[in-house]
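Protein chains in written order, with our numbering: chain D, 1 to 355; chain G, 1 to 371.
Do not take every clue at face value.
Said to hold, decoys possible - In silico DSSO-like links for lysine-lysine, alpha-carbon gap of 27 Å or less:
1) 142/D x 38/G
2) 331/G x 50/G
3) 290/G x 85/G
4) 194/G x 348/G
5) 194/G x 85/G
6) 173/G x 194/G
7) 241/G x 50/G
8) 348/G x 85/G
9) 290/G x 40/D
10) 82/D x 142/D
11) 301/G x 336/D
12) 348/G x 142/D
Claimed, not checked - Just a few of them, taken from the derived set where beta-carbon distance is under 7 Å, the chain G residues facing chain D:
13) 14
14) 124
15) 169
16) 171
17) 196
18) 197
19) 237
20) 238
21) 241
22) 325
23) 353
In short, the hints are calculated from the structure, not lab data.
All values derive from a computational prediction rather than experimental measurement.
Ideal Cβ positions, reconstructed from N, Cα and C, are used throughout, including at glycine.
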Amino acid sequence: MQDYISEITGSDVIAFIVGTLPPLAFMVVFTLFAVWLERKVSAHMQDRLGPMRVGWHGSLQTLADFLKLLQKEDIVASATDKALFNIAPYLVFAGTFLAYAMLPFTSFYIGSNADVGIFFILAVSGFVVAGLLMAGWGSNNKYSLYGAMRSAAQIVSYEIPTALVILTMLMIYGTMSLNEISMQQAGYIWDWGIFGGSLPGIAKFLIIPFMLVAFIILFISTLAETNRTPFDLPESESELVAGFSTEYSGVKFAMFFLAEFANMFLVSSILVVFFFGGYQSPIGYLGNLLGVEWLVPVEQTFWFIAKGLFFVFVQMWLRWTLPRVRVDQLMTICWKYLIPYAFFNLLIVGLILLI
Amino acid sequence: MSLRTEEMVLNMGPQHPSTHGVLRLELVLEGEVVHDVKPHIGYLHRCFEKHAEAMTYPQVVPYTDRMDYLASMYNNFGYVEAVEKLMGIEVPERVEYIRVIMGELQRIASHLVALGTYGLDLGAFTPFLYLFRDREKILTLFEETCGARLLYNYMWVGGLSHDIHPDFVRKTKEFIDYFRPTVTELNELLTYNKIFIERTANIGVCPAKEAINLGLSGPNLRGSGVKFDLRKNDPYSIYNKFDFEIPVGEGLVGTVGDCWDRYYVRVQEIEQSLRIIEQAIDQIPEGDVKSAVPRRVKPPKGHIYHRVEAPKGELGYFIISDGTVNPARVKVRAPSFVSLSAIGEIAKGYLVADVVAILGSLDIVLGEIDR
Numbered sequence: 001m002q003d004y005i006s007e008i009t010g011s012d013v014i015a016f017i018v019g020t021l022p023p024l025a026f027m028v029v030f031t032l033f034a035v036w037l038e039r040k041v042s043a044h045m046q047d048r049l050g051p052m053r054v055g056w057h058g059s060l061q062t063l064a065d066f067l068k069l070l071q072k073e074d075i076v077a078s079a080t081d082k083a084l085f086n087i088a089p090y091l092v093f094a095g096t097f098l099a100y101a102m103l104p105f106t107s108f109y110i111g112s113n114a115d116v117g118i119f120f121i122l123a124v125s126g127f128v129v130a131g132l133l134m135a136g137w138g139s140n141n142k143y144s145l146y147g148a149m150r151s152a153a154q155i156v157s158y159e160i161p162t163a164l165v166i167l168t169m170l171m172i173y174g175t176m177s178l179n180e181i182s183m184q185q186a187g188y189i190w191d192w193g194i195f196g197g198s199l200p201g202i203a204k205f206l207i208i209p210f211m212l213v214a215f216i217i218l219f220i221s222t223l224a225e226t227n228r229t230p231f232d233l234p235e236s237e238s239e240l241v242a243g244f245s246t247e248y249s250g251v252k253f254a255m256f257f258l259a260e261f262a263n264m265f266l267v268s269s270i271l272v273v274f275f276f277g278g279y280q281s282p283i284g285y286l287g288n289l290l291g292v293e294w295l296v297p298v299e300q301t302f303w304f305i306a307k308g309l310f311f312v313f314v315q316m317w318l319r320w321t322l323p324r325v326r327v328d329q330l331m332t333i334c335w336k337y338l339i340p341y342a343f344f345n346l347l348i349v350g351l352i353l354l355i
Numbered sequence: 001m002s003l004r005t006e007e008m009v010l011n012m013g014p015q016h017p018s019t020h021g022v023l024r025l026e027l028v029l030e031g032e033v034v035h036d037v038k039p040h041i042g043y044l045h046r047c048f049e050k051h052a053e054a055m056t057y058p059q060v061v062p063y064t065d066r067m068d069y070l071a072s073m074y075n076n077f078g079y080v081e082a083v084e085k086l087m088g089i090e091v092p093e094r095v096e097y098i099r100v101i102m103g104e105l106q107r108i109a110s111h112l113v114a115l116g117t118y119g120l121d122l123g124a125f126t127p128f129l130y131l132f133r134d135r136e137k138i139l140t141l142f143e144e145t146c147g148a149r150l151l152y153n154y155m156w157v158g159g160l161s162h163d164i165h166p167d168f169v170r171k172t173k174e175f176i177d178y179f180r181p182t183v184t185e186l187n188e189l190l191t192y193n194k195i196f197i198e199r200t201a202n203i204g205v206c207p208a209k210e211a212i213n214l215g216l217s218g219p220n221l222r223g224s225g226v227k228f229d230l231r232k233n234d235p236y237s238i239y240n241k242f243d244f245e246i247p248v249g250e251g252l253v254g255t256v257g258d259c260w261d262r263y264y265v266r267v268q269e270i271e272q273s274l275r276i277i278e279q280a281i282d283q284i285p286e287g288d289v290k291s292a293v294p295r296r297v298k299p300p301k302g303h304i305y306h307r308v309e310a311p312k313g314e315l316g317y318f319i320i321s322d323g324t325v326n327p328a329r330v331k332v333r334a335p336s337f338v339s340l341s342a343i344g345e346i347a348k349g350y351l352v353a354d355v356v357a358i359l360g361s362l363d364i365v366l367g368e369i370d371r
């Protein structure tokens, strides 16, 4: 897409700037929608209605809230470390936003079609950890520091099972580009990664149970990486008030919020790309059937976002059902269960592929 | 070489989401391990006991409402019984029955808040709202009876402020039929949830001996496996007429006396309270609820200590009368106060996150602690 724009405008800089807009727009719109969805999902699970006043069924409520947040005074307590405190939310946001560059919404549009794909996403996620630590330390608040330390420990630990599972999947696909991974799952629902993808013959059937294990491990660890219940310890309000974001208000708080919800979709889409065919339609394309070429990318975008939203919904569903684990139990789950299982899974999938 | 480490002091509260009111806990931590917990109270102090000395006996009743504001009926219950005993008033059977029904409904309502907020403390938001939905139904019953939803001033010395509503019996029965299955729902959603058990089993263990030494009472004492319930052990009102059991902690998923046991005792007590209500509701005799209300409440010189099994434990009123219309002294033995004082002993050696779990399992209400 960059190439196309730079051809029109004749400037690479403008092309890059324009090229970043779609993911940004998507992030903002998605966050507005997801916050509303979260409220509605939680409300209906709890015999409530949720927001009903602003717009149809409260659909503009988050927009109103967001505008309110923008108008709020940007409070910076006197004892904070100003530089760290001010940079942190933007760094957290940047980490998430950078990762969006690699998401293949359709085969025709991808922020940056780099070969490193998933590797890049894992790498820039590190920004988030740094940002959270800076927020916690810079706030000069014990609760914030606890929240940030927990968060950092949690994200770093859970990156290991995540990476192991991703490694497993990379052995199958043989590429790190998310676009190519999605392409390999073209066809119908049984061509998706969770059903063994496009592996030939018997290997496809042998691998299905291990794909399920891999999926569950990846799902659990991404839940932990996004700090969602049952792993929402960094923000567990009954213990740490609001964790690392306790001291933040106004725009900076909105940044954390935006990053958190955008992150939910990010991890969901990683799951979708690896196991559920990425942007591929499970039932074939109407565009191909009718011979309308422009319809295919639209359908692909639809499927990608729909699948992503489904997993976002599952995350919300879990959040409003489960209590939260304790910090040491969280680490136990990661180090004693997920990592060994992921490792065994890696070995066995490797063996199957060798055969 | 060893690293020099320092203990960190963390102030939990007074503005903290899980201190159940305005409470400040001073936590001495090493890393995340709790070395000591010091509760600092008094943020809600309203001089109830001193106030009472300037009031006439019936005027004290609304003040008792405001102690344990989640169980106002039972606070009334204890106080009016104490004054009646002091004056030697025999109240009509009908009044006794209605008081017991109201008291047990109140116990259920109080336990629902305790269980719901406990789930909330551990991050489970939804059960909280389910339980509040059911508590709402109890409050509606109260509202239809006496017009108030939280602070009832319903029980008077010698009687009741209003007779029950003609529909009360039918609606209470409907409520019981509706409510029984929701306890199962709670068990499925929260009680036997794996994560919930992980968070509460073997946490905050308080052995029976220690519980007695700390002076715990009510569900907290029974959670430690001590079968002690004033409704059975020191029967007051007409509790000896009813058939019910005293659930105690058995350590089903962990050790006897852990947070889960204290939680589960409350769940089981809901069922027992329902049983009492069921037995009582059909036997309410006819009568006038105000027939024994004295024109002038002026007890003879003397003093009395009367205790009742409030939802949170032993609620005792010590009243000294100097023969005038004002009590010379009203001292309250508030169960939450004793429960809170035990937290330092119980929470030692557990993690910060466990302090929240332990505090929640003790089910304190600050209105009663500070009075």
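* Honestly, which of those hints from before does the structure not fit? -> 5, 6, 7, 8, 9, 11, 13, 15, 16, 18, 19, 20, 21 and 22
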